[in-house]
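Protein chains: 2
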Amino acid sequence: MATDVARSPERSAPHDIAPDPVALQAILDGRYAEVRDLVRRNLVEHAGLLDEVDDLDRDTYRDRVLEVVQKVAATGQTGFGFPTEHGGGGDIGASVAAFETLAYGDLSVLVKVGVQFGLFGGAVLQLGTRRHHEAYLRRIIDGSLLGSFAMTESGHGSNVQALETTATFDLATDEFVLRTPHDAARKDYIGNAARHAEVAVVFAQLHIAGDSQGVHAFVVPIRVRDEDDRLVPAPGVRIEDCGHKMGLQGVDNGRIWFDDVRIPRENLLDRFATVSEAGVYDSEIESPGRRFFTTIGTLVQGRVSVGGAAINASKVAMTLAVRYAERRRQFEASGEQEELLLDYGLHQRRLLPLLAATYALHAAQEEVAGDLHAVFSGERTDDRSRRALESAAAGLKAYGTWHATRTIQECREACGGAGYLSASRFAALKADTDVFTTFEGDNHVLLQLVAKGLLTDYASDFQDADQLGMVRLVGGLALDEVVKRTRAHQLLERVRGLLPSGDEDEDETGVLDTSYQLAMLRYREEQVIASAARRLKSGVDDGIEPGEVFSRVQAHVIAAARAHVERTVLEAFVAKVESLPEGDERRVMGMLLDLHALSLIEADRAWFLEHGRMSSARAKQVRREVDHLCRRLRPHARVLVDAFAVPEEVLRAPDLLGPVVVAGEQGAAEVPGHHPLGETAEMVAEKVPDDA
Amino acid sequence: MATDVARSPERSAPHDIAPDPVALQAILDGRYAEVRDLVRRNLVEHAGLLDEVDDLDRDTYRDRVLEVVQKVAATGQTGFGFPTEHGGGGDIGASVAAFETLAYGDLSVLVKVGVQFGLFGGAVLQLGTRRHHEAYLRRIIDGSLLGSFAMTESGHGSNVQALETTATFDLATDEFVLRTPHDAARKDYIGNAARHAEVAVVFAQLHIAGDSQGVHAFVVPIRVRDEDDRLVPAPGVRIEDCGHKMGLQGVDNGRIWFDDVRIPRENLLDRFATVSEAGVYDSEIESPGRRFFTTIGTLVQGRVSVGGAAINASKVAMTLAVRYAERRRQFEASGEQEELLLDYGLHQRRLLPLLAATYALHAAQEEVAGDLHAVFSGERTDDRSRRALESAAAGLKAYGTWHATRTIQECREACGGAGYLSASRFAALKADTDVFTTFEGDNHVLLQLVAKGLLTDYASDFQDADQLGMVRLVGGLALDEVVKRTRAHQLLERVRGLLPSGDEDEDETGVLDTSYQLAMLRYREEQVIASAARRLKSGVDDGIEPGEVFSRVQAHVIAAARAHVERTVLEAFVAKVESLPEGDERRVMGMLLDLHALSLIEADRAWFLEHGRMSSARAKQVRREVDHLCRRLRPHARVLVDAFAVPEEVLRAPDLLGPVVVAGEQGAAEVPGHHPLGETAEMVAEKVPDDA
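These protein sequences, in sequence, are chains C and Y.
Under the UniProt record's numbering, the first sequence has 441 at position 441, and the numbering climbs by one with no breaks.
Under the UniProt record's numbering, the second sequence has 28 at position 28, and the numbering climbs by one with no breaks.
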């Protein structure tokens, strides 16, 4: 419980603080400051790409992106995640830090890096064995062997287990035969496929001697060099360009069909399952379901990376919007000069809670990236850590990418017409990040995975209880627990709902007390999970067909996952702030923490009110405090975005950031502007009677 | 009070209804069905443009758009709003209907039409007099004289009254001299300016003999033909291309500087003010403020048009998402075949309330367009009607354009990766409509205008009361009214807040009762306005500087405007449903009405709970009913989008709508897919004890 943050005196004396942007940046950059600086230098070097792209044709843009990718690969920036023995950096945490930071620049470069080094290279590393590592990794890392990650099919995206591409073992030739059985089974949206990839890691149903062994991954050459040394599709491989997309034009997404393409048996990535020369299938993981999830568990790094990239893309948008709002004036409220946008209460309300959430997500991302590093470096090897990581990665990817969509949109609107011009980065940010909510796992499907884990844990508690014997439970200390989860608890809840001030702590704890904020989010999470479980159970008990039960409870299940993710993000932010030494940086981050926590509570205050966890008076207090925190943070907004350290060269928004045109800079308008509610306050004050 | 809709028996027996899409379309198309059909035919004829644009360079795209604009102009589609004597159609309502429907197609064409015929042509018509009409209108209507509407400057967008371009009368030459005093005063984002316009209506501060008369509009030739008959900038005019934008690449937005450009005195659009040869300024409207607002009041048609276009762009997105969700299968819940997306409860929750809101907005738009027709055709000439129209247009423009942003985004995400390809229309819809929330009045500024009207009315009530004498008021029947607006009311409110079931009507009225729904929205609106007024007043009374008062109350003021707009939209939808004859179309629209109303109440239930207007039990009932309505409407979703009658040719989404690829169509997957929560329901049911 973070009471030391909450009650420390500096939080009640927020004025006159002067947080240092350099110190704040050091806090955000963390242990990988050098890695991030390397990426920033590379971004500056290739910042020209951002200006070129609007006028490049698609193929030229794609080739330029490839050129940049290969150049930054040469600096070591993209190889941190690979073992040193194959030319990598041997530091998974560094690899995530580098990828995240790359999101400050052109996002086609980011996604191409993700495809080549994360998905394709990662699959060879994680699913392959020494033979594959030696054959491919060095050339993957230096960018000379380009590859695709061919999982998704037109007919099956989220439901990977139902992929329809087949790989049939041919005993006679010791080969696998890859086949696309029909058009819906073509590989689709595959990055690197339309133009650059020579090989692909292809996910297909493995068939041996008539038996299906489920989805496995294979290295498949998809292009060969013709007599003129040009890359052309390999025999039996058909490739089609996905064509123009909403964004990410610099990535060559394509479709692939396989017409009995033969590959040697060795091309099975066989870390988790092998096929012998005699056609005998063998795996240490007996359960096909578990084998499948172990195989696609390697996707977790991609999810952590995309989540981090989305959070950093939000930082670019926040930087633009805050800096614009600190320069741009609009309408006089009083006096000669027009007001700065950021001095308007509504503008603060639009931007500052998003800024606080961006900081919170940064902290959560740092924690998840640390967990990824620990699990994939073998520091933590237990199943529980791995499952926890998978859930955290799924949740944060969904939360972070939706945050990016929302933040970029709000920031664009907050920059008006200037934000609509491509010169401002918003056009690219918006178009390029749009698909983040879909790829590397559709957000809703990911939240269902999170919820599944929560519900399984919830049910397991009871299962364990059964095994231990209910008598012991009921007769022992666990009674409270049982009561809480039975009808008695429902009754209690109903009673609490009747009380105007359902939270008996309200008198004792202030809304700025971190322990209060965390307690609220924890309570909600527990309740929503329990309630989702009850609904599922009662539906099944009532004999309703399970699909229908699920359909009806689905929104509730997603709400449980959201409540869980919001709680874990807040906890990560609390832990981050607590880890800081005393000082103005900690003070300002403490204010951001309060703003983030109270914004979350405010946004879902209906739930707290409905469940008797909050009184109306407290709900109004929360809203007032959010307003108040916005005003308190307003003087620090610029420093808080400067700490993101997005290089000036990639901000690329002359009309937003100067030097050209900001109203009022060249002297006040000759004819005073008309404040949209200029005289209204005074008029209302004059005309409404005193006791109204 | 719409109790006949609410309590009519068909609403409690919603099953087995079979609304007819053709009849529904007739209801939506309304009195302008023929006009809409003309536009649909033109859209189909030029649908090829939608496929071309991804590969056209900017200039070619712009010229193609101009070509299409001129071709549809020749069919009369774009001239409905002009008087018949100058070659127009003489029907303003028809003009709005045509424009809205055009939003089904390429939105660069839409915006170019809006610039040429709405803004430029509209300004000449509304601000000019016979001399200007005779000189320009016929060539404007046939698209041979292309023009710009040069109002916005880089430094001043929303604050039009503070524009800095000057037009100084030169008595000696009988001319106005236009001048851009500095870079921030350049005209910016001006449609048609970068490539096609020959003339512009320029808004500038009129200076005569040292006196400033405020913003006036002038016809200014900005391009002339050179010896090779090419259009080049006129002497003293500098034009720059705004370059690449987020969307709407087919519109040539530009910047314009004036360096002492001379135009004849006759070029002042002089409907509301004249300048004589002797340099005497004269206007029938004495107040400069009122003159200014009368001048820019002509913008109202543009706002009504943009709001309608946004609503219709939402219809395209809804059509794609619903039709995809009716074909696409993903994950087995039970049985052999995967489930249709639209059979998932969450997917219904994501799409169907937006569909209901789209219908509600359509009804509201029809009403506002009718009001526009009445006011601008001279059927209603009173000031009150005009002010009401301006407020309604501002509110609906903001609401409709935000609805479009949100709906297009949700529909894109609901279509997964296929929705990200440009082949699906989402890319263009999203990029092109993004600026709708900004142009024709920034949405937040528009909501402030709405709020200003509400607060002025609120204060005026008291002002009138003062004039009549408070004695009479207090001694008479108006006592209730006074009490309601004074501290006693605040006390009462506080008491209600303490009651768990503050709404004493809850036992008597059902949530499906339209009178209940309307009462809730009306109550909230009144309360929020009164509360905003109180806050403004107490801030001023406390001696806080008015700018600071406004800043602090601003979010509240915007909330008042939102509450007002939501109430008026709901009322329009109620009126629309009530106007229909009995039948299945009325029944299904009644369900949409319930879903829309309850979704609004659900979304803001925190407010109702906080203000003691709703009990927790009622709040939960509302949520259950929204779920239930989604399930009831699900079988009718396809018919409801078919009724929008978006031509197949412009839907252009082969991967979403077929015939290519939908999972499961070519037979069930050989390996069963894994439902993300497949066994969870059963597992939970099994393991959670019965009384949990």
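Simulated from the structure, these hints should not be mistaken for lab results.
Treat the hints loosely; a few may be bogus.
Identical copies go unnamed one by one, so any copy, or any two together, can satisfy a pair.
[Unchecked claim] As a list, the in silico DMTMM-like pairs of lysine to aspartate or glutamate whose alpha-carbon atoms are at most 20 Å apart: (1) 620 x 526; (2) 620 x 67; (3) 71 x 170; (4) 620 x 602.
Each hint, compared with the structure:
1. For the identical chains of this complex, residue 620 and residue 526 are inter-copy neighbours only, at 18 Å across copies versus 24 Å inside a copy, given an alpha-carbon limit of 20 Å.
2. In this homomeric assembly, residue 620 and residue 67 never come within 20 Å of each other (Cα to Cα): the closest approach is 55 Å inside a single copy and 57 Å across copies.
3. Within a single copy, residue 71 and residue 170 get their C-alpha atoms no closer than 41 Å, and across copies no closer than 62 Å, so neither meets the 20 Å cut-off.
4. Both within a single protomer and between protomers do residue 620 and residue 602 lie at most 20 Å apart by alpha-carbon distance, with minima of 9 Å and 18 Å respectively.
Of the hints listed earlier, those the structure fails to meet are numbers 2 and 3, in rising order.
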